[in-house]
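Novice: Each chain, letter by letter, is given below.
Protein chains: 4
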Amino acid sequence: MTISFGLLGAGRIGKTHATAILGIPGAKLTAVYDPVDAAAEHIVKMSGARRASVDEILADKSIHAVLICTPTDMHADQIELAAKAGKAIFCEKPVDLSAERVRACLKVVEATKTKLMIGFNRRFDTNFAAARHRIDAGDVGTVELVQIVSRDPGPPPLEYIKRSGGLFRDMMIHDLDLARFLLNGEEIVSVSATGSVLVDSAIGEAGDVDTATATLRSKSGKIVVITNSRRATYGYDQRIEIHGSKGAVSAANIHTNTVTLANVDGYREAPLLNFFMERYADAYRSELQSFVTAIETGSPISPSGLDGLKALELADACVKSMQSRAEVVVVV
Amino acid sequence: MTISFGLLGAGRIGKTHATAILGIPGAKLTAVYDPVDAAAEHIVKMSGARRASVDEILADKSIHAVLICTPTDMHADQIELAAKAGKAIFCEKPVDLSAERVRACLKVVEATKTKLMIGFNRRFDTNFAAARHRIDAGDVGTVELVQIVSRDPGPPPLEYIKRSGGLFRDMMIHDLDLARFLLNGEEIVSVSATGSVLVDSAIGEAGDVDTATATLRSKSGKIVVITNSRRATYGYDQRIEIHGSKGAVSAANIHTNTVTLANVDGYREAPLLNFFMERYADAYRSELQSFVTAIETGSPISPSGLDGLKALELADACVKSMQSRAEVVVVV
Amino acid sequence: MTISFGLLGAGRIGKTHATAILGIPGAKLTAVYDPVDAAAEHIVKMSGARRASVDEILADKSIHAVLICTPTDMHADQIELAAKAGKAIFCEKPVDLSAERVRACLKVVEATKTKLMIGFNRRFDTNFAAARHRIDAGDVGTVELVQIVSRDPGPPPLEYIKRSGGLFRDMMIHDLDLARFLLNGEEIVSVSATGSVLVDSAIGEAGDVDTATATLRSKSGKIVVITNSRRATYGYDQRIEIHGSKGAVSAANIHTNTVTLANVDGYREAPLLNFFMERYADAYRSELQSFVTAIETGSPISPSGLDGLKALELADACVKSMQSRAEVVVVV
Amino acid sequence: MTISFGLLGAGRIGKTHATAILGIPGAKLTAVYDPVDAAAEHIVKMSGARRASVDEILADKSIHAVLICTPTDMHADQIELAAKAGKAIFCEKPVDLSAERVRACLKVVEATKTKLMIGFNRRFDTNFAAARHRIDAGDVGTVELVQIVSRDPGPPPLEYIKRSGGLFRDMMIHDLDLARFLLNGEEIVSVSATGSVLVDSAIGEAGDVDTATATLRSKSGKIVVITNSRRATYGYDQRIEIHGSKGAVSAANIHTNTVTLANVDGYREAPLLNFFMERYADAYRSELQSFVTAIETGSPISPSGLDGLKALELADACVKSMQSRAEVVVVV
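The listed protein sequences derive, respectively, from chains A, B, C and D.
Residue numbers for the first sequence follow my numbering, so the first one is 8 and each next one is one higher.
Residue numbers for the second sequence follow my numbering, so the first one is 8 and each next one is one higher.
Residue numbers for the third sequence follow my numbering, so the first one is 8 and each next one is one higher.
Residue numbers for the fourth sequence follow my numbering, so the first one is 8 and each next one is one higher.
Since the hints were made in silico from the structure, they are not lab data.
One should not assume that every hint holds.
Stated by the list, open to error - With a Cα cut of at most 35 Å, we get these calculated DSBU-like pairs of lysine-lysine:
#, chain 1, residue 1, chain 2, residue 2
1, A, LYS253, C, LYS327
2, D, LYS120, B, LYS226
3, A, LYS327, C, LYS253
4, D, LYS35, C, LYS68
5, B, LYS327, A, LYS52
6, D, LYS226, B, LYS169
7, C, LYS91, C, LYS35
8, A, LYS253, D, LYS327
9, B, LYS327, D, LYS226
10, D, LYS52, C, LYS35
Keep in mind the model is a prediction, meaning the values are calculated, not measured.
Bound conformation, chain A alone:
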């Protein structure tokens, strides 16, 4: 059986997912929706999918699943519509910027017994998955301290930032989910966060920060430290490190190549892969592969809508902690 997809939203991330689907045996892209002609036509040309409206896609019984890559404020509504139309749903993070709205949306998902996967792509990165595998295998013993570094090569457009929900809900939410992934079931019970405007004062004027850190604590006292920056001159900086009673496991960055030049100035290696589309190209493929497999086999979907909600709640708590300058308890 081939899983037939409808794509809602043909922007940067929609295009990334469309490309990934082309390389997955047992999956095909059937239809694409985007109000922007150029964006939609690009996908049509690339994949052979037809262009269609959201309604047409949801009404098409031959389409098994939708990929929701539209702007964030449309996610929750489209999830509910697709759920009622009986589609399996892959939705880019976040479901919504309001935790309350997410909870309402997840009730519809639950009531319709819809398969919903949230696009926390980093769980599917070969390296992070291998680190988690080491943890599961007991190689680090009991986890004590997790450190996550995530720095973008540069800030997104100011207009994007204004609608993004802020650094914690837009950027750190990936790391908050990664923290939960690495702690593997032990939930975070409190957070302390702080942020600064150091990269671009316009970001501050827009009410956001561009440099931030959060310290999370789990029930048993495990500590997670996340640092974020909207700037990294040397590429897309994505590292994790997990320290435990028996050892430590870390996943390093990926350079654009393995070449080193040695001369009188020292040893020079290449910068990092530049941004998420290069860095996580394989992860996007694995993510969709996992979604396809779950649909085919009926196995549970992960990360689920609940995982999306949990990460958002942590992001909200971070914002509250930054504002109150105090630790914030998270209701688990």
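For this one, chain A is given, so just place chains B, C and D on it according to the hints.
Specialist: Using the frame of chain A, we list chains B, C and D on its own:
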């Protein structure tokens, strides 16, 4: 315009190329030939190409190019047939195990003005290409010393070895071509080589060696040292290092992931990508992309049939040097 | 002129300093005080110094400087005595566990115009100093985010912990000073800290933590994140990373050797140098060399008594933050 | 008992050994000979040793051992004189540039039952020793292929080169000994070598080469490849790699510090330690410590005079191979 390909030979390397073609915009696989049903059908299913005989493929005017991935002893004949049929040709190395036969074949290629590319995939590896780019940019100054390490994870089947022409013509030929690629136009004038049977005595009984080294000298005295082994327990070991008057550039191996486990036994990183299909997956794609682009634009093809001949002549000289225990002059 | 030293306290760190003095031209160890016979005699035998009481050392006009390596609760009194005796003073950190006591002590130091250096050895580590040099040279642009990792191979004896003032005042104080060293003049204005008992519950029963993190903010919003653990199975983990507007500079760990073993299990490197005496052996030498040079040339001493006080105040603020679960403002 | 040393020759390497002795418990430098006032006085001032003639040193019954660091053409005579005077002898390599003269000298050493150690310092390098330890522990299985890279930061003065015996006897001799050290008892039976003049044509005019490689074969077919250059812009390049049936062990270079700067140009690490005195400072200390221990305990001395002879014979064979352009059999 889409370049239409016929594939001759659907074994391991044929399948690799077929996969690469699927990912190249402007290229498609139209027909596949292989006497083995399972092999041919696998390609048919994967790519939508039709199964056909060699004659049918060569007679099909809609097919622009052929990929010759058949056993080595069929290469030269098929190159000549395809050249006469007006196809562009991509042929896996070597053209033939006899330099004399290669020379005769290249005369036909020349007479028919055929575009012929030889499958020295390593020239298209991101890392080796980046190293060569450093050399071209003058970053190492005048090249003085080149070191190439190539070790297979394990020896091929004995039956393969018996028909392979021996380690120098089958395995080191890649490194001999890489040496010429890195010296960028300055030809090798003499070689000294030696080999041992250390991995498997059956290889020795078959008249071959499994561990070998060659020292090459260029006209101006540049030195290239190649070491080969049919064994590498830690994966597919592929490294180069170029030392010059202003610096040194090296390309390191690729590990299966970037994860490190640190514990009381030290720091442990993952083994290397296991073999050429994983290690050079991107290189195979770039190689075919380069071939497609050369057909489309009419630009010169590299590596050419002459490059294939030169590498074989160096391999022959290595064998002669190993046997005579003396340096062998190569007629340039 | 040769600077003549009296050593007060011949324990582990006293012995380290005595060894360092032997290798410094223009310095000699003249006398050693320790109530424990074996400790004192070991130094006598190693260095040729004579054994003496504290009073004798302070009264000996031929002795220019004292090294205070006694238990912490004796430091402040001995600094005052030595200051009044006209000696230059090198004192191990901390001056005292009470910031108030330190302030009183520094008044005596100031009144007597005594040269006082505090033993923050990490400032003299080749690697950390090279990182700071990069910052000073403008290579990272404006500093935005500093990350410091410090993990001991294992916890000290419980008796030590009980008298140590706790992890923040005993262990993290080094990192707090390093943070100030790397920020180079921009003071910390607030701290948020947390700690857990994950390594040994007896540490918790003694009222201390064994795993901790602190987030510091400077006046302009620069952020420093420190993580500490009393456990690191793979050696003494000491890393820093400074991220700025133009780049990032980091100093990596030091392994016991440069050997890598590659086999079917991957690539294995040696563990780290085991503890501070091996890791910072060169730093201890440079530190004392710096002290000797400052005495000889009359140049300012750094880190000063004030640096010692500032680090202690930050440690106190961390403890307060951990207890109050809120950010604590530091009076600069 | 303290071993008392007389130093013959207070040049660069003599000074290195004198410094090493100062740090060895149970050893002291008693007397120094050098016709150059400044060189001798420097050692006197540094160590407290007295200045003396060779005859005085050999006649002084309180001196147990001599360090021969004079020009090469004086080594053999001084070894014989010291042997007859009953001294233990540490002699810098080579014993002589003539293998015949070495053999005659070793007869005197044998007849007088003299303890003679040859200064192949690299055997005592922590990293190379750790690699050998891995081999001895069976971690690489049966050794198959050894690769040694040795590149000096720059060529020595032309006058030095003229008297040095040439690159093979002066520089590669260290690597030839290292090859024997790593093969641990299995002797080399043939060599193939080549050399070029690429760094400085004046070296060629002086009859020497500045870039060279040698391929050695042991009785069982193990292969050793050595590459040498008198140039390395990035520091003193000293690496080994041993490949065997179960794995590979390698020892990497040592950088001047562990700092990395990451910016838009990539990742930059520090150059290597600059030359042998920095790179092998610890090795010189361990080497002399080993000599002192052997004198104290009566244990066998390694590397012995015979090791010195073997390395020279291999160097001679390399020269012969380079000149004859053929493999040269070595009489074991």
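Novice: Against each hint, give a clear statement of whether it holds in the structure.
Specialist: Hints versus structure:
no.	hint	in the structure
1	A/LYS253 to C/LYS327	holds (31 Å)
2	D/LYS120 to B/LYS226	violated (52 Å)
3	A/LYS327 to C/LYS253	holds (31 Å)
4	D/LYS35 to C/LYS68	holds (31 Å)
5	B/LYS327 to A/LYS52	violated (56 Å)
6	D/LYS226 to B/LYS169	holds (26 Å)
7	C/LYS91 to C/LYS35	holds (22 Å)
8	A/LYS253 to D/LYS327	violated (56 Å)
9	B/LYS327 to D/LYS226	holds (21 Å)
10	D/LYS52 to C/LYS35	holds (16 Å)
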